[in-house]
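For the protein sequence lines, the chains are W and X, in the order given. So for the first sequence, the working numbering puts the first residue at 1; every next one is plus one. So for the second sequence, the working numbering puts the first residue at 1; every next one is plus one.
Treat the hints as calculated values from the structure; they're not laboratory data. A quick note: this is a predicted structure, and the numbers were derived from the prediction, not measured. All the pointers check out, no bait thrown in.
SDA-like cross-link-like pairs, simulated, lysine to any residue; straight-line CA separation at most 20 angstroms:
| id | chain 1 | residue 1 | chain 2 | residue 2 |
| --- | --- | --- | --- | --- |
| 1 | W | LYS49 | X | SER96 |
| 2 | W | LYS49 | W | ALA5 |
| 3 | W | LYS22 | X | GLY40 |
| 4 | W | LYS77 | W | VAL111 |
| 5 | W | LYS77 | W | GLU66 |
| 6 | W | LYS49 | W | ASN68 |
| 7 | W | LYS77 | W | THR107 |
| 8 | W | LYS58 | X | TYR103 |
| 9 | W | LYS49 | X | PRO95 |
| 10 | W | LYS49 | X | GLU104 |
| 11 | X | LYS9 | W | GLN38 |
| 12 | W | LYS49 | W | GLU66 |
| 13 | W | LYS49 | X | TYR103 |
| 14 | W | LYS69 | W | PRO7 |
| 15 | X | LYS9 | W | ASN41 |
| 16 | X | LYS9 | W | GLN45 |
| 17 | W | LYS22 | X | MET41 |
| 18 | X | LYS9 | W | ARG42 |
| 19 | X | LYS14 | X | THR86 |
| 20 | W | LYS58 | X | GLU104 |
| 21 | X | LYS9 | W | TYR39 |
| 22 | X | LYS9 | W | PRO40 |
| 23 | W | LYS22 | X | PRO39 |
| 24 | W | LYS22 | W | PHE67 |
Residue-level listing of the chains:
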Amino acid sequence: AQSVAQPEDQVNVAEGNPLTVKCTYSVSGNPYLFWYVQYPNRGLQFLLKYITGDNLVKGSYGFEAEFNKSQTSFHLKKPSALVSDSALYFCAAPPLPARQLTFGSGTQLTVLP
Amino acid sequence: NAGVTQTPKFQVLKTGQSMTLQCAQDMNHEYMSWYRQDPGMGLRLIHYSVGAGITDQGEVPNGYNVSRSTTEDFPLRLLSAAPSQTSVYFCASSPSGTDPTPYEQYFGPGTRLTVT
Numbered sequence: 001a002q003s004v005a006q007p008e009d010q011v012n013v014a015e016g017n018p019l020t021v022k023c024t025y026s027v028s029g030n031p032y033l034f035w036y037v038q039y040p041n042r043g044l045q046f047l048l049k050y051i052t053g054d055n056l057v058k059g060s061y062g063f064e065a066e067f068n069k070s071q072t073s074f075h076l077k078k079p080s081a082l083v084s085d086s087a088l089y090f091c092a093a094p095p096l097p098a099r100q101l102t103f104g105s106g107t108q109l110t111v112l113p
Numbered sequence: 001n002a003g004v005t006q007t008p009k010f011q012v013l014k015t016g017q018s019m020t021l022q023c024a025q026d027m028n029h030e031y032m033s034w035y036r037q038d039p040g041m042g043l044r045l046i047h048y049s050v051g052a053g054i055t056d057q058g059e060v061p062n063g064y065n066v067s068r069s070t071t072e073d074f075p076l077r078l079l080s081a082a083p084s085q086t087s088v089y090f091c092a093s094s095p096s097g098t099d100p101t102p103y104e105q106y107f108g109p110g111t112r113l114t115v116t
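Next up, chain W with everything else stripped away, as it sits in the complex (with noise of 0.2 angstroms):
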C-alpha cells in the first residue's frame, strides 16, 4: 500500500522568489507519485507524475518535483513563483493495484506580490 503526507498546512513565498511544497511517502514497493493543484472553486488539475526514471520531473506551468528516495520524499519546486500560483497543492498516490488515489491533506500555497 501507499500512502503520502504533506507536513505543511500553509506556506507563504513572495512572488519571483523559489517555493517548494513538500510532500513523503510510504510505500511498499516502487512508488507511483502524482501532484495535483486546486484553484479556487476548481477541480484539481494534474501537474506532474513520477512512475520510473529520472529523479527531476517536469510538469504543467514550470511546476517540477524531485524524486529522493533516500528521504521518501517527492516535494514540488518552482524556480520563481507567480501570484497566480496561489492555490492549494496535493500530493498524491495510487494505493496499487487499483488506480484510483491516495491524497494528502492539502498545503495552501500563498504568493505574496
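Position chain X relative to chain W; hints supplied.
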C-alpha cells in the same frame, strides 16, 4: 471534449432527503471515481468503477450508492442525507490501457452539498 461534467454545482438538502449527483465524461475513460473533499482531510475516495457494470467501495462508502450502466455516466446517490455528508464532491475519470502504471485522473468541477 467537455471532459468531466458534474451536476448540480450546488445543492442544499434537509436531513433524511435523498438525491443523486450526476457525473459524465466524454473521453471514453474506463475508470471513474467519486471523492469527497473536507477541510484538512484532502480528498477521500467514496466509490469507484473500473468499467461499465463494475463498481467497488472506497475509503468512505457508507451512506452512498453508485451504479455504472454506461461508460459515460457514474451517478452517486445519497440514500438518506446526514449533516456529516456536507462536503464538496468530485468525480474523476482516467483512461484504461495495458500499461500497468497509473494514469493521471481528470476531475470535474465539483458539487458543493450542504445538509441541514
